[in-house]
Amino acid sequence: MPQAARGCRTGFAACGIANKLPTNIDQAEPENFTMSDPHATPVATTSTTDHLGETDSPAMIVGVFLAVVLLSAANIGLSIVGFGKYTLVVQLAIGTMQAGLVSFYWMHLRQGDKVVILTGLASIFWMGILFVLFMSDYMTRIMVIG
Amino acid sequence: MSASTHSPVLKHHFEDLGQQHASERLGMWMFLATEVLFFAGLFGAYTTYRLWYPAEFEAASSHLNVLYASINTALLVTSSLTMTFAIRAAKLGNRGELIRYLLATAALGTAFMVVKGFEYAEDFREHILPGAGSFGGEIKADAEARGLDTGKVRLFLCFYYIMTGIHGVHLVIGIGVVLWLVQQSYTGKIPPDNYSTVEVVSLYWHLVDAIWLFLMPLLYLAGASIKHSH
Amino acid sequence: MSIAVIHGGLAASPPPPEPEPATPNYLNNNYGIWSWLTTVDHKRIGILYLISISIFFIGGGIAAGVVRTNLLSSTGAIVTEDAYNRAFTAHGVLMLFFFLIPAVPAVLGNFLIPMMIGAKDLAFPKLNLASWYVFIAGAACSTWAILAGGIDTGWTLYPPYSTRASQANVVPGILGVFISGFSSIMTGLNIMVTVHKMRCPGMTWGRLPLFVWSLYGTSLIQLLGTPVIAVTLILMGTERISGVGIFDPSIGGDPLLFQHLFWFYSHPAVYIMILPGMGVVSEVLTCFSRKNIFGYHAVAWSSMGIAVVGFMLWAHHMFVAGISFYSALLFSFLSMLVAVPSAIKVFNWTATLYRGSITFQAPMLFALGFVVLFVIGGLTGLFLATLGTDIHLHDTYFVVAHFHFVMVGGMVMGYFAGLHFWWPKMTGRMYSDWWSRVAASIIIVGFFLTFIPQFILGYHGMPRRSPNYAPEFQIYNVMSTAGASILGLGYLLPACYLSLSLFFGDRATANPWSATGLEWVSASPPTVFNFEFTPVVVCGPYEYAIGVDQLGRGLPEPPGPGSADDPASRDGPTGPAGPMKKETEVVG
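Protein chains in written order, with the numbering used here: chain A, 587 to 732; chain B, 844 to 1073; chain C, 281 to 868.
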């Protein structure tokens, strides 16, 4: 993460900090528009589509749709058949796959913004904390000490 | 004073549109994290009781209408499809298509709530209710016949109404926001530069969809293998 | 006036010229109440929060006064038992939800975070304003519930009493808490996105002030914990209104489930309260000892550690409630684990102070008070985290003393330290140095007198939330109430001199404490967009020893007597050429 000035371990002067300092701050040439008047300094606009990123292809969107619908059908069908005590696990696994497809493709996690992915994973992790520690109480209450 | 040359949708505290879009997206994802934790409390509570009372929960679940739930699942997943196409239309600057997809999304969401309305009406008629006085009908008779604790069956119904109800509230809010997007788009406030407004709403919509994809099997399919003669 | 500081062997930059007073600054660029109520300026919103939470602090303080006065007599001196229940509930609800949780994040965080990272505003200014309105709406709801008869369940709202038996205004009370929870989420979300996306050039994560790190951790907790109490209050409210619910034992429900859900948020909530205070302490201790923080990365990561691990300890509030023994073992172990990052911070603060050039202005007194009182409070928490001793101490005054040490001795001290430290920046005025030191001293003395007797009371078994007690406890209760009066006087003093400073205080310079952060670059009070130019950060946040601020410019002369032992002269064993040489390395 830290960029240019990272290696500044040998002291102030060796840093080259002096080179970065504007000699007179009040007249420093701002790289972007000044804080006080956002309209003052014209800046070359970025191209209108730079920030748009890639556009989803219809094939991808429909493909994910079909996958999710098929998984739902499978979920309903399998539940009617029944897996005994593994039914719940299978249902949740199918739900997880569906949520995974939706979030990876439709919610654009595929685009790879690290902080966004971290946010998504963090929410699952915290949900995990809740579940695991709840279960640590509820599943062990019948266990007798010693 | 020179004319401003930045995009009209750029907000002044941001340096450029990329930063603005990235911030909006991150902000919505963080809000989604709060929603995940919100429902996690409900799911956690449900899970503890389901692991404690599997027989009662499966028996109770078997009386819910899987057909309505399946239709609703199809409606909601399709609405997510149209919502994703709406983002695409916004990015390509296709305003008519954007509005059509947004209206389709809102319509499908509304259809979900209408089906839910019919479902609740049927539940009321059949006394599939958690209150001490209102609980009755076939679900009660069936539980008693199997030697199950009717209290725990009513506990399941508490979860059924609370979880589907809260999900429904979220969906209604989503429909409202989608209709607001239609109005915004109609008045020209969603040029391609501002597609991220549609995207953040779609993120919320997809989450509501994803929650339903977990809610449905947990509530409706728990007892699907139990057959009743209606 | 501004003396160039000469270091052995290294040429320092001259101190920057004093910036022109900002005209207009954020306070006077727009007049009228409407301009304040529709502002999206994060600084004004911080001031709005400041005024609001001060009102609730007074309300919670009055409730505390009722509680302590009633405890003067062993049979209840002034109120009935039912009224006593409503008084301590009001004290808890007002102080926790409407003062402590918003105090530093919403007041100081809103005001300072954009300035500390070199941004013009938070990421979502309108959301920021909305968060204040939501806070007011929720607070109004709960306040109405308290004033119109009160809530008698305790702030912890346990069913089945709260869902069945209580005749009090429980639903409006919890509705208010529910609504203000959204305010907390909005503030946390805003701060997190701002810190991720809006740092100025050169402001890497490794150069963030520790205040920002700790508020980031706080915001993480606010974001992830608050939704759980939101859903819990809905579940409890629906059970109360409809008569049937998931906590009802008669249908197989478990009242402990409420406690699990409630404490899943409410324990991390105490970290929402304390972490920002820790951030303030890091800022104040470095400035008033003129030293770099010892172990920047350790302190930064310990904020994150507290935020994460703090989510895994909640059932230590439930050890005697009926949870399984194995679960209690696990939570006890995890509770001790969270003491580690807290201790890391305390050790690092102490090491920061060591061989520093310390001056004792009010912010420093409050910050030092924080460290001492937090250590005592934290250590006593270990007795409560240990299963065996907790059986004896749970629900006694030992618990009350413990959490008041960390909440009041810790957090309120931290809040006051921050308020005093940044007051010149926020208002452009200096307050009376003498009166502020007097106030800090009175508060610390009053605090000890109030709460040390409560440890003794709890150890001897006096239960909490009880209006009556055994007569042999009276002496300690009287001591505690006397201390509370002194504490009240101590809190009254800042209300006076801070308010008076607005009219009669000296005009503050941009950087009266000679601190290094970006927030001190602009004039006091700052201009609307915070900076006259986009800052470019070149070094870490606490380069006091080599005398540079984060823009690489020099520092003005620090306050204090200009004599031979002036901290501004850094020659000798504490100068950069001496044994403390490694403190002069540029971090980041």
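One thing to keep in mind: the hints can contain errors.
[What the hints assert, rightly or not] Below, in silico cross-link-like pairs of lysine-lysine (DSS-like), each with a Cα-Cα straight-line distance of 27 Å or less:
{"id": "1", "chain 1": "B", "residue 1": "Lys1070", "chain 2": "C", "residue 2": "Lys406"}
{"id": "2", "chain 1": "A", "residue 1": "Lys700", "chain 2": "B", "residue 2": "Lys959"}
{"id": "3", "chain 1": "B", "residue 1": "Lys1070", "chain 2": "B", "residue 2": "Lys959"}
{"id": "4", "chain 1": "B", "residue 1": "Lys854", "chain 2": "A", "residue 2": "Lys671"}
{"id": "5", "chain 1": "A", "residue 1": "Lys671", "chain 2": "B", "residue 2": "Lys1070"}
{"id": "6", "chain 1": "B", "residue 1": "Lys1070", "chain 2": "B", "residue 2": "Lys983"}
{"id": "7", "chain 1": "B", "residue 1": "Lys1032", "chain 2": "C", "residue 2": "Lys406"}
{"id": "8", "chain 1": "B", "residue 1": "Lys959", "chain 2": "B", "residue 2": "Lys983"}
{"id": "9", "chain 1": "B", "residue 1": "Lys1070", "chain 2": "B", "residue 2": "Lys854"}
[What the hints assert, rightly or not] Residues of chain A placed beyond 12 Å of chain C at every Cβ, according to the derived structure:
{"id": "10", "residue": "Ile647"}
{"id": "11", "residue": "Leu652"}
{"id": "12", "residue": "Ala708"}
Bear in mind the hints are in silico, worked out from the structure with no lab data behind them.
Predicted model only: the values in this text are computed from it and were never measured.
Just so it is clear, CB atoms sit at the ideal spot from N, CA and C, and this is done for glycine as well.
These are the hints, each one checked on the structure:
no.	hint	result
1	Lys1070(B) x Lys406(C)	violated (54 Å)
2	Lys700(A) x Lys959(B)	violated (38 Å)
3	Lys1070(B) x Lys959(B)	holds (23 Å)
4	Lys854(B) x Lys671(A)	violated (54 Å)
5	Lys671(A) x Lys1070(B)	holds (17 Å)
6	Lys1070(B) x Lys983(B)	holds (16 Å)
7	Lys1032(B) x Lys406(C)	holds (18 Å)
8	Lys959(B) x Lys983(B)	holds (22 Å)
9	Lys1070(B) x Lys854(B)	violated (59 Å)
10	Ile647	holds (27 Å)
11	Leu652	holds (33 Å)
12	Ala708	violated (7 Å)
Violation of the numbered hints given earlier is confined to hints 1, 2, 4, 9 and 12; the remaining hints are satisfied by the structure.
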